[in-house]
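S.K.: Just so you know, the sequences run in chain order S and G. Here this note's numbering is used: position 144 in the first sequence is 962, and no number is missing along the way. Here this note's numbering is used: position 73 in the second sequence is 77, and no number is missing along the way.
Hints were generated in silico from the structure; no laboratory data involved. Worth double-checking, as some hints may not be accurate.
[What the hints assert, rightly or not] In silico lysine-lysine, BS3-like type, Cα no more than 27 Å apart, as pairs: (1) Lys-863/S x Lys-1044/S; (2) Lys-99/G x Lys-120/G; (3) Lys-867/S x Lys-9/G; (4) Lys-995/S x Lys-863/S; (5) Lys-138/G x Lys-867/S; (6) Lys-851/S x Lys-1097/S; (7) Lys-867/S x Lys-23/G; (8) Lys-851/S x Lys-1047/S; (9) Lys-851/S x Lys-183/G; (10) Lys-995/S x Lys-23/G; (11) Lys-122/G x Lys-23/G; (12) Lys-937/S x Lys-51/G; (13) Lys-141/G x Lys-867/S; (14) Lys-44/G x Lys-926/S.
As the structure is a prediction and not an experimental result, all values here were calculated from the model.
Residue-level listing of the chains:
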Amino acid sequence: MRELAASTISDHVAEMCEQANIYLGEDVFSALKDALETEESPTGKEVLKQLIENVEIARDEQIPICQDTGFAVFFVEWGQEVHLTGGSLEEAINAGVKRGYEEGYLRKSIVSDPLYERKNTGDNTPAVIYTDIVPGDKVKISFAPKGGGSENMSAVKMLKPSDGEAGFIDFVVNHVKAAGPNPCPPIVVGVGIGGTFDKVAVQAKKALFRKVGESNPNSKFADLEKRIKDKINDLGVGPQGFGGRNFALAVHIEDYPSHIASMAAAVNINCHACRHLEKII
Amino acid sequence: METKKIKAPLTDEDVMALKAGDNVLISGVIYTARDAAHKKLVELMDKGEELPIDLTGQFIFYVGPTPEKPGQAIGSAGPTTSGRMDAYTPQMLEKGMKACIGKGLRSQVVKDALVKHKGLYLAAVGGAGALLSKKIKKSEVVAYPELGPEAIRRLEVEDFPATVVNDAYGNDLYAEGAKEYAR
Ligand code: SF4
Chain S
819 MRELAASTIS DHVAEMCEQA NIYLGEDVFS ALKDALETEE SPTGKEVLKQ
869 LIENVEIARD EQIPICQDTG FAVFFVEWGQ EVHLTGGSLE EAINAGVKRG
919 YEEGYLRKSI VSDPLYERKN TGDNTPAVIY TDIVPGDKVK ISFAPKGGGS
969 ENMSAVKMLK PSDGEAGFID FVVNHVKAAG PNPCPPIVVG VGIGGTFDKV
1019 AVQAKKALFR KVGESNPNSK FADLEKRIKD KINDLGVGPQ GFGGRNFALA
1069 VHIEDYPSHI ASMAAAVNIN CHACRHLEKI I
Chain G
5 METKKIKAPL TDEDVMALKA GDNVLISGVI YTARDAAHKK LVELMDKGEE
55 LPIDLTGQFI FYVGPTPEKP GQAIGSAGPT TSGRMDAYTP QMLEKGMKAC
105 IGKGLRSQVV KDALVKHKGL YLAAVGGAGA LLSKKIKKSE VVAYPELGPE
155 AIRRLEVEDF PATVVNDAYG NDLYAEGAKE YAR
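In isolation and in its complexed conformation, chain G is listed as follows (with noise of 0.2 Å):
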């Protein structure tokens, strides 16, 4: 099984060279995002004023860490449910954000508009996370400190593993998957 090293952020070129199914290691710097932090920026966009974070081609990773030990860069940091930000992401890809990463199903209202922006939702290993912990190598709460673990965190990551799950042409792995292996 063919795995490809991707860099993040990530350009429209990149996206469109993904595809549903497809296995990644991701590199670079991505950014944390949850609900209240969703709230928040989505406030900020409706108001037309400047967000804590430029969004242009970046990944934004659905995760509430537990907290560091001393000596650790980030605590146990596995994705959440995608779903309750369905309602934000039109707009945080509006902005410029190329792809998230969560857990589980989105709503036709994201992909379509993952199609219309050129976006990636990919899914990470729901629950490995003392595994994926490993793999970030930097963290930083760059906004909203006041939300504890929802605020929002730079991340320095390296060989970062998910799966594309649904691409810029419209295609679904949790649909096409199931329907593989159906009996």
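Here chain S stands alone, though its shape is the one from the complex (with noise of 0.2 Å):
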């Protein structure tokens, strides 16, 4: 059995929050430059130059990419051979985010009761974590800082099976045409189909980890994505929503089997800044 100490994952949860709030992904800043090469829009075009700019200002000063620094969002793949030691999982993950928002200057943006007192927890706490047991004995933190704007441009719809492709592909599409400008444009489109109305949900979520420029290991649902990429970017909604040829980056479909009875579809869309890391430890 390996032993591995809370704090050892407290000082890797805090030293992610840092980093991915600064510096973008490599995937994501490469989709943003071949934007810019097909964007016809000279307005577009120069959104997409000065998100370049941001992405390399953000870097070289240590910036945030974004003042919204997010929830905090984890996926831990747990190998069952490892013993955690000196505190909880959660605890630790928690403590790692609080020092990392505040050692890096990033936004605190969560409120400890929704509907009364709105009051910020001031430590950015508490996360949202997803854990799954895996054999072996390494642990994978996959960590996501996820901007309101663009999670409150989500939507969860359980179809029937009869609604087929062309169903699936009108709820989508028409759910991203009307979220419009206001997930910052161009966007990632994280779209569930299968399992149950919370799994799919995560699904969605899940499938904004992926990196941009990688497909569905199903031939099928990758020809999909393709397709609904397409068909969003024909909407001319374009970058900031300002019209152009730009509004998706990309759509990464995670599917997973269905009951008889349902086709669970959900949309979770992320803005250009698909902030997303992760660390095998």
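Using the supplied hints, reconstruct the complex from the two chains, each of which is provided in its own coordinate frame.
M.R.: Put into structure tokens, the structure is as follows:
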């Protein structure tokens, strides 16, 4: 049994919070540069130039890419041969978030009570944490700071199996169209299909952790991702919604087996500041 | 592509000279306010009390920046979603506000109020917080410090980039831009 101290988890998490908010991943950065190549609208081009410059300024001067440094979302794959010592996983992650957001001068955007007091917790905790127990003696932590503007533009719909591919495409495209300029396009569209009401939403979130440029391993879904992306870009909404060719940088679909009576679908949108980072400990 | 340089605050003539789709660079003094500050301002208006800032001719930028590091004027400072301010915007315009800067769609009520009071809605590039922070030369909290990132700040900006989305003639770049590139 491998032993791992809770404080080690906290150290890694604190560092990940700072890094993810300052350095945009190469995958998203090159997608932005590709978008600049294909953009036809002059204002759209100007937006993309600003976004590329923004990423460079953030990196060179250690300024957060976006002021909304997000809800801290984690997917943890915990090897079942690993024994955590000195605290619980939840405490360890939250301690890391607290330190990372404080030391990194990141914005604290979490309020304790969603309806009545809405008082800021002051340290951006608690995080949202999903844990899977997996074989092996490694721990993989994936982190994404999820901005509120794009998160608000999300939806779950329990489609009927008879809605078929066309109904599924319509749901995704119409939803993204209604979101329009709000989620800071160009966007990455996370889509879940299958599973239960709750599972499909988590799948859509998981889809946003995938590297931009990678496709669903099933060729049918990979092809569907491309077709939906083209349909979304044909809306003409463009960067920031000012009109143009690049509304979506990517569409990622995560599928899961379905009940015979259901076809759950979910859309979780991410902005161009599609920040995600993973670490294997 | 032409970019117009404009000075804040604005006069009615300045507003009428700008059209949806214009790219501008703003220099001068602007103020910040988000949901919580708007709520407080509108409550004061309803009670007929004096506001902590004079809105006449002013720009309001919807932003909640990250904390500034020592030596920085301000932290990362991009626009937040404007729709959350829709309920307050007509009253802000009535009190003299001339322009607001955010990102995303506005309600028809706001668009009508912009026409009625001669106002502008501009979008700055959402998520370009690091870049926009470099255009802000000075920042000072002038009201509601207890609101943290939602406090009202007075900003001195230089060549702050934004695009006119809704003008005082009723034009809407979000609707027209998408139409032009749809296929
Ligand atoms: S949607 Fe994304 S880029 Fe836009 S303000 Fe929110 S976190 Fe920043």
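S.K.: Now tell me, hint by hint, if it's right for this structure.
M.R.: Going down the list of hints, with the structure as the test:
1. Lys-863/S x Lys-1044/S: Since the Cα atoms of Lys-863/S and Lys-1044/S sit roughly 22 Å apart, the hinted pair holds (cutoff 27 Å).
2. Lys-99/G x Lys-120/G: 13 Å, holds
3. Lys-867/S x Lys-9/G: 19 Å, holds
4. Lys-995/S x Lys-863/S: 21 Å, holds
5. Lys-138/G x Lys-867/S: 15 Å, holds
6. Lys-851/S x Lys-1097/S: Holds - the C-alpha atoms of Lys-1097/S and Lys-851/S are around 26 Å apart, at most 27 Å.
7. Lys-867/S x Lys-23/G: 22 Å, holds
8. Lys-851/S x Lys-1047/S: Status holds; Cα separation ~17 Å.
9. Lys-851/S x Lys-183/G: 24 Å, holds
10. Lys-995/S x Lys-23/G: Roughly 24 Å separates the two Cα atoms, so the pair holds.
11. Lys-122/G x Lys-23/G: At roughly 12 Å apart (the allowed maximum being 27 Å), Lys-23/G and Lys-122/G satisfy the hint.
12. Lys-937/S x Lys-51/G: Cα-Cα ~25 Å, so holds.
13. Lys-141/G x Lys-867/S: 22 Å, holds
14. Lys-44/G x Lys-926/S: Answer holds: Lys-44/G to Lys-926/S is near 21 Å, not above 27 Å.
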